[in-house]
Structures are given as structure tokens and as C-alpha cells.
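Protein chains: 2
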Amino acid sequence: MKVIIAGTGAMGATYGSMLKKSGNEVIFLDLWQENIDAINKNGISFKNIGVEETIEGKAYLPSSYNESADLIIVFTKSMQLKEMLNDIRHLISEKTSVLCLLNGLGHIDTLKEFVKPEQILMGVTVLTAGMKGPGIFEVTNYGKTEIQNIVEEGKENALKVVECINNSGLPTVYSEDILFSIWRKACINGTMNACCALLDCNMLQLGKIEKSRELLGKIVEEFAAVAKKEGTTLNVEEITNLVCWFTTEEFQGVKHYPSMHQDLIQKRRLTEIDYLNGYVSRKGKEYGLDTSFCDLITILVHGRESVLIGG
Amino acid sequence: MKVIIAGTGAMGATYGSMLKKSGNEVIFLDLWQENIDAINKNGISFKNIGVEETIEGKAYLPSSYNESADLIIVFTKSMQLKEMLNDIRHLISEKTSVLCLLNGLGHIDTLKEFVKPEQILMGVTVLTAGMKGPGIFEVTNYGKTEIQNIVEEGKENALKVVECINNSGLPTVYSEDILFSIWRKACINGTMNACCALLDCNMLQLGKIEKSRELLGKIVEEFAAVAKKEGTTLNVEEITNLVCWFTTEEFQGVKHYPSMHQDLIQKRRLTEIDYLNGYVSRKGKEYGLDTSFCDLITILVHGRESVLIGG
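Each protein sequence line maps, in turn, to chains B and U.
Just so we're aligned, residue 92 is where the first sequence starts under this note's numbering, counting upward by one.
Just so we're aligned, residue 92 is where the second sequence starts under this note's numbering, counting upward by one.
Okay, chain B solo, but in the shape it has when bound (with noise of 0.2 Å):
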């Protein structure tokens, strides 16, 4: 198979990679000119798994690269997806699935601006992957991911796409109901993401706060109820659980602070809150529903941006 990596961050790079390794042509994308320098020169300089490896890799701009492929997958920060499918839109043909594997929602309303809906594959994934440098990675956990087609016609593709990632050494499978893994992996970060980033604090202590479960569990109903809105259902209770349990010490990461909390209070980057609570806050409103939670947790994360990075 033929894949493009949009987007060579850590999980762009783990993914091509793995997929180059197992017999696929990898072409990787990336927008930072030193990071597609490096990967050219020196290849890609890959600890995975404790293991120190070297891929060779042909790194480009997207505006220098013209053919098309089987498959792309976009490897962006949220906002910066619409940005890449616009510059990639020239290499996306009537035979190439898209596969978007990032972290929130609302992805699907940008990638049908750009793609047809039978050739966008949706997936989760809890990888985690870290970057040490221009062309230096680190891949810790392959954890599992989940694909499944947007529409029916697209399945033929996603059970190809899924048959491919998972004999690179990637345990994968396809979902029956990716629309609700997405929410789910959604409610966690929506809560995990957003409360250590405001509280500046990791999970364990966000656990020992008064109240912590009614936070949290409010923030899950509201998620609960745009989901719904939008075909989900999402069972509060259980996902209450799931959320409260990343707290205690039961959870091993539960020291471990959110990708939001080391964006914004470690790197003073601007967060993906659009794409969690603030989605659900604008879709709310739309909706006609109460979530009044995620709208104020929305306001605080952008105030707390406005005053670590100023703008």
C-alpha cells in the first residue's frame, strides 16, 4: 500500500514507520522545514520501545510532493487539520482513504470538506508516541487502535486499511461503532484535559478535590447529551467511572499531567479545548441543551491562554 503521512509529529512518525517497516511505501509530510531536513538527511531516528532504530524516510513540504496515494493519514493538532487537508487537497484521488486518527470531535464536519464521505476512515488510538527533536522519536506504548468507514460504502477500504496497520506490529481492529469510542476518548480528555490544565495539577490531585466526582460527572452529562444529539448514546454513569477511576491510584498514569496541561502550563501552546468542551459548548447552544460547564470551562482555558501566551 501507498500512504502519505500528513503530519510528522510522534504519532505521524510511529505509524509510518511501522507501516514503512512492514513492506509499505511511507511518504511523510510535514510543514517544519527542519523537521523534513532532519528525516531526509538522517532518516528517522526512532526509540521504539525501548528499541533504537533507524527508518529511512522522503520527507517534503505537501505543496513539493504531487502523487497521490491509498491511503493518507493526517497527524495534525486539531487546529491545524482543515489547514493540512487544504494543503494536501491535491493529493487526495478518488482511490485514497483518509484516515484521521486525532483526539477530539468535530473532525468529521472538516474532512468532509475535503474528502467524500465513503473514502474518510474515523479511528482512536491510545498510542503514545513523543517527539525529541527534528526527525527524533520515541514511541513508549502501541496501545490499540480502532477504524471504522464514516459511511457503509467505505468498509471494504477500512477492513484493508486495518488488515495493513495491523501487520506493521500496530494491534488494530475495526469498530462497529467508532462514533462511540471517539465520544468516549472525548469525555476523558474533556475532563482529564481540561480540569489539570485549569487546576494545574495532575490526575491523582484532581481526584482529591472536593467534589471531584461532580465535576467531572457534570461534564460527562453534557458531553452525554450533544452525543446524543448526534446518534451516540453514552451511558453517564459508566463513563463517570471510567473518567473518576483515572484518578486514583488504582490507574497507573494517574500522576501523569494531560497532553493539555504540558500544551498550555509546560509549553504555553494553545489547546484543543474547541475540540473537546468547547464542541460541546457550541453545539449545545445549536442544540438548545444546558451545558453550562463546558461553556465556562471553554472561557477559562481560552482566558488562561490569553494570559500565559498573550493575544
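Keep in mind that the hints were calculated from the coordinates and are not lab data.
There's no promise every hint is true.
[Unchecked claim] Residues from chain U that keep clear of chain B, each with C-beta distances beyond 12 Å, as calculated:
id, residue
1, A101
2, K138
3, I199
4, D200
5, P225
6, A315
7, T323
8, L333
9, Q343
10, H347
[As the list claims (entries may be wrong)] Here are a few chain U residues that face chain B, going by a calculated C-beta distance under 8 Å:
id, residue
11, D291
12, K299
13, E301
Predicted model, so just to flag it, every value in this text is computed and none were measured.
Just so you know, even glycine gets a beta-carbon here, dropped at the ideal spot from N, CA and C.
The hints should help you fit chain U onto chain B, whose structure is shown.
Frame of chain B; chain U shown alone:
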């Protein structure tokens, strides 16, 4: 008039010193032994609008003093009011007026547990003072003090107290609607204090965040809804205009960090949130009102307390 200052922090020391200088008998009570000792040894060292003064003072622990007074002014942090009233209950005679100038909501209920309604005087002050160390204080702005009895029978005493404080040099007026003034000030504190503490910013920065007016206006709305149930009508738009004005360059103190920011972020102390947004949240539930923004703000401020101070 014989006056007892129950709580000799910056505010208590200022009112006490001014009352003493103008010929009243003043007793200073406090719970901090070092402060008591410093006052008894060196008097009150007072930087009074730039002028250095020393006022001789007699200071005691509440339990070490046994004589009643015409007026007791309580000047504690909100959360210490109840304990202080309990400590001074033996000093409250039939002829004692008890004046409370604390910020925040809910104090009348606390006062009523210890003092007859006809002896309770409520007030609002915008005087600004600071404590520099044991026995050392500074007042930077006399502001205005408003005072009213909470039941008609207390009016005569209220007028006497207004005259007495006014004669001391602190501009003081009799208020025809002290509840309105208390609620209006609570709106200012419930917006500026809570939001600047949560966002770790000053008032100018608060004014510059996206949806600042929506945020502040929604908080004011919730305060107004509870106030209405308690007999006070607040004009939401007027008060929202007022609080928004505090975040503009036009307001001189705009780069000021409100007291809750100082308490929580700078000094790592517990905040008075339960007497502002927390009161509205609690009472809102009792009255069946939606006070989601105050609910979440209260949870988050207590969350920050837990993260920063432990607990």
C-alpha cells in the same frame, strides 16, 4: 463611645486607630499573640495616608477581656467570623451594637446566631489598608463607609455609629439600602476576585480575555437571581457594566490583583469563595435556581486551594 475592635488586622487597626484618635475608648482584640504583644509594647505603628503615626493601644485575646462596650466592630476573614463571635459573646451586652463591615454574603445569618437583630449593624467599606507585620499597619485610601441597621429598631444606634465614625475622619454615611450595597460589592468580588484567582491574572488581563463580558455578566446574573429571592433587586446590565469597567484602562487600579488572587496565588491561603460565588451556588440550590457558573467557579477555586495548599 467605647468601641471593641474584634480582629485587629489592617481594617480593624485602621478603624480602631481613627476612633481612638478622635476621643473614643478603644480596645483591640485579636487571636495572634505576636500582634497583641507588639501593640501593647509599641502601640499601633500606622502609616496613615503617608503620615507615620504611633497610637497607643490596649490589645487582648478575646478570652482575656471581660468588659462590654457600646460598639463592637468585627473585622475577621469571613470564615473566622463565627469563631470570633463565639469568642466575644460574653462581651455583647443589651446595649452593644455589633457592626460587620466584612466583604461577602451570609454574614447576617451568622451574626443572628449570637446577636439580636436590633443590635446588628451591617456595612460596606471601600477603605483599603494593609498589615505590614505585628502591630504595623498602613491605610492608603479612606474610601467611604456605608452603614445601616438590619431591623428598624436599630436605626437610632446606627445613626450614632455613623456619626461617631464620621467624626473620626473616615467618611461614613447612613445607608437606606445596605443589602443592595452588600450585594453590589459581592458582585464585584464574585467576578474580579474569583476570575483573577482562577486565571492567575490582574483585572486588565481579565478584561482582555475572549468572552470576558459574557463570563462576568453570567456571574452577575446568577448573583442577581439569588439576591432577588432574598429581597434585593440588582440591575444585571448596570452591574455588569460596572464590573466590566473595573477591567478597563479607565479604571486606575486596573492592574491590581484582587484580594483572592493575593490570598490564593501569592500567599497560598484559603479563600473567601464560600461567602461569594459559593454562597450563590449554595443558596441557588435551595431556591431551585440555575447557578452553574458559580457552582463550577466554587469547585475550581476549592480545587486550586487543594492543589496549592493541600487539604
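Checking against the hints above, which ones are violated? none
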